[in-house]
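Number of protein chains: 2
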Amino acid sequence: MALIVQKYGGTSMGTPERIRDVARRVNRWKTQGNQVVVVVSAMSGETNRLLALAKSITPNPHPRELDVMISTGEQVTIALLAMALQDTGVKAKSYTGAQVKVLTDSVFTKARILSIDEENMRRDLDNDTVIIVAGFQGVDEFGNITTLGRGGSDTTAVALAAALKADECQIYTDVDGVYTTDPRIVPEARKLDRITFEEMLEMASLGSKVLQIRSVEFAGKYKVKLRVLSSFEEEGKETPGTLITVEEDNQMEQPIISGIAFNRDEAKLTVQGVPDRPGIASQILGPIAEANIDVDVIIQNVGHDGTTDFSFTVNRGDYDRTFKILDEKIKPHIGARAIEGDNKICKVSAVGVGMRSHPGVASQMFRALAEEGINIRMISTSEIKISVVVDEKYLELAVRALHQAFGLDKAPD
Amino acid sequence: MALIVQKYGGTSMGTPERIRDVARRVNRWKTQGNQVVVVVSAMSGETNRLLALAKSITPNPHPRELDVMISTGEQVTIALLAMALQDTGVKAKSYTGAQVKVLTDSVFTKARILSIDEENMRRDLDNDTVIIVAGFQGVDEFGNITTLGRGGSDTTAVALAAALKADECQIYTDVDGVYTTDPRIVPEARKLDRITFEEMLEMASLGSKVLQIRSVEFAGKYKVKLRVLSSFEEEGKETPGTLITVEEDNQMEQPIISGIAFNRDEAKLTVQGVPDRPGIASQILGPIAEANIDVDVIIQNVGHDGTTDFSFTVNRGDYDRTFKILDEKIKPHIGARAIEGDNKICKVSAVGVGMRSHPGVASQMFRALAEEGINIRMISTSEIKISVVVDEKYLELAVRALHQAFGLDKAPD
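First to last, the protein sequences are chains A and B.
Numbering-wise (our numbering), the first sequence opens with residue -6 and increments by one.
Numbering-wise (our numbering), the second sequence opens with residue -6 and increments by one.
Among these hints, one or two may not hold up.
All copies of an identical chain are treated as equivalent in the list; a pair is satisfied when it fits inside any one copy or across any two copies.
[Claimed, not checked] Restricting the straight-line Cα-Cα distance to at most 30 Å, the calculated cross-link-like pairs of lysine-lysine (BS3-like) are:
# : residue 1 : residue 2
1 : Lys103    : Lys84
2 : Lys84     : Lys48
3 : Lys324    : Lys84
4 : Lys322    : Lys218
5 : Lys324    : Lys403
6 : Lys84     : Lys94
Keep in mind that the hints were calculated from the coordinates and are not lab data.
Chain A extracted, bound-state conformation:
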């Protein structure tokens, strides 16, 4: 008998039919002899409907009251799924975040989980009951309702799995696993049976939006076995999805590169002719951070003539704002020569824990891109990933070239 935590998102809860589908799936896991805890999101569209209602009252709703309201979305779906499960003949009971209780800090609309009280759940599980928990929500020490912010239901599921020491945390989505890259760009993309937390983090932060980063970090920290799989597969045709594990593969020959990630929403800015003296990077990036703009890749060229060029990338949506800050505030302040920008760039990355022990991955990557005539604008590396910034028009070509160069279209031996 295993203890399984399952999480179903908004599309899986989107209609009464879909909810009954989920109930039948949960029923199968239960009747196979498992203890099951289910975490659900609000019906797709419901959170936005509630937000619009709040905005119709006031443009700046108080965050505490927003959380009181938004949290009703999951409160409806836990009850609906409990009813649907009871209808299949299984004992089921719903829990709001406050009822669990999922204790959080008091940062409304983006609270962080502090602890989970598993006592009540444990009693119900031992009483043969399926537990259905509202994702995305909690309660602070004063009894105020809080929500966890975007992707919060994944985080709830992982936190519950950690608290209950579950055997597995299954995240059901509308895709059947994590792929070597986006199959819409590379039809030969292959579903991965396994991926490490570190690789998943790099894949997620680079735009493969299967799982929210916070939940992956959480799972890694508490060593929760996480599995991504599809809630749309028919009975009898289910596939095991992708397992995200803390241990690296024990196989002799592990793949060097697990996947090719990419991000289209990037823009690049360069401060030219910066005086090459200590503290210049923080003088440039300080005002950017104060304006709440996230900076991704950062490059400082080797200086000559006492000046240097300083480049970085930001989300494309922040491009105009960033350019203005650089041009009006930073350029005169530090005495730079000019500001140059390009918002038609993208980032392509090769990710894999295997590269730690395999030198030469970078040069293999650059060669593959050169063979396609793709000019590299920026390079950034970490322990388990190499990213290049290239012109946006090369995105698909670069992804396909790298996917083939690292043999990702072939199943591992």
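Since chain A is already given, all that's left is putting chain B on it; use the hints.
Just chain B now, with coordinates in the frame of chain A:
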């Protein structure tokens, strides 16, 4: 400085505009120096929408889960009203039933309030904050969410007023008070400035659906000053509505009759030729009660030849079911001669505490009906009311005749 509890129903919460109207009204009470606690219902239509959603999952949703779901309706409106109030510059904070906490028994979908913890509210009130409480809901000793059943928001308001020892409990509705009778039938009907709890109970149970009976009983029991008034009156044009008080009027000349109530939804059944022996009434009414059918007026004629006729009224919706039980189960069992029924009848009642000290009210009533040629089918009396059952076609005529006969169209001196 007074402590006021106000309750706003679903139509008052029906649209963002209406919610902002309510916020402005509450703001006026607050800035006049009062402490204000507001109880709200769900937006009109929302509870039915949620019920339909539950029914789309299963025809028999589990009551516990139904309450989890239905209670979200008020959770949304408390947040919206809190936001709207904050927008008017007043400190406001929402409370769900569980947050208050409104402790109830565990009878889901029709729980009863056991106690209210006023400590948190008291602290917020002293901190100059308007408190907005979700009506209709509570929490049981195990932390389960419960709802109070129909009219539950009125009950919540009265219970809060009792717990907080409020100076007044104001029930805002879409009418501006309690009338001597339905103005749609008698245009001369007059709004009453005051009415006693006992009169209000008789008026309410007889079909004047301004207030729910339970809340009036509750208010009477805990001596809460209750006022019915309109949430649709413009600023500067508000009227004081109708005050429902525990004390009878101290005026020398109090009106004998306060109002004429009526109920159209009645049906009459007669068991003819019943053996006139002890225990026969319970043999007839026992199976009716077991079938969950409410019986209203009950009459047993004087017997002759060792048999008697036994008549009673039920809700018209229960007529067919009741007839079947009488005909198939009770008639053969007790050896009655025949079952007779009439579902085209109605009940008209004169209500007033003054009749206690004024003999002759009944004969005045019967005379007024006789003068219009209205045949009385059944009569039932209590301390402060006289009811007659008449053919439904006479309803309006009877109400008008009695309203005039007791001088209700004239303002008291």
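Evaluated hints:
{"no.": "1", "hint": "Lys103 / Lys84", "result": "between (33 Å within a copy, 23 Å between copies)"}
{"no.": "2", "hint": "Lys84 / Lys48", "result": "between (39 Å within a copy, 19 Å between copies)"}
{"no.": "3", "hint": "Lys324 / Lys84", "result": "neither (66 Å within a copy, 44 Å between copies)"}
{"no.": "4", "hint": "Lys322 / Lys218", "result": "neither (48 Å within a copy, 64 Å between copies)"}
{"no.": "5", "hint": "Lys324 / Lys403", "result": "neither (50 Å within a copy, 84 Å between copies)"}
{"no.": "6", "hint": "Lys84 / Lys94", "result": "both (21 Å within a copy, 28 Å between copies)"}
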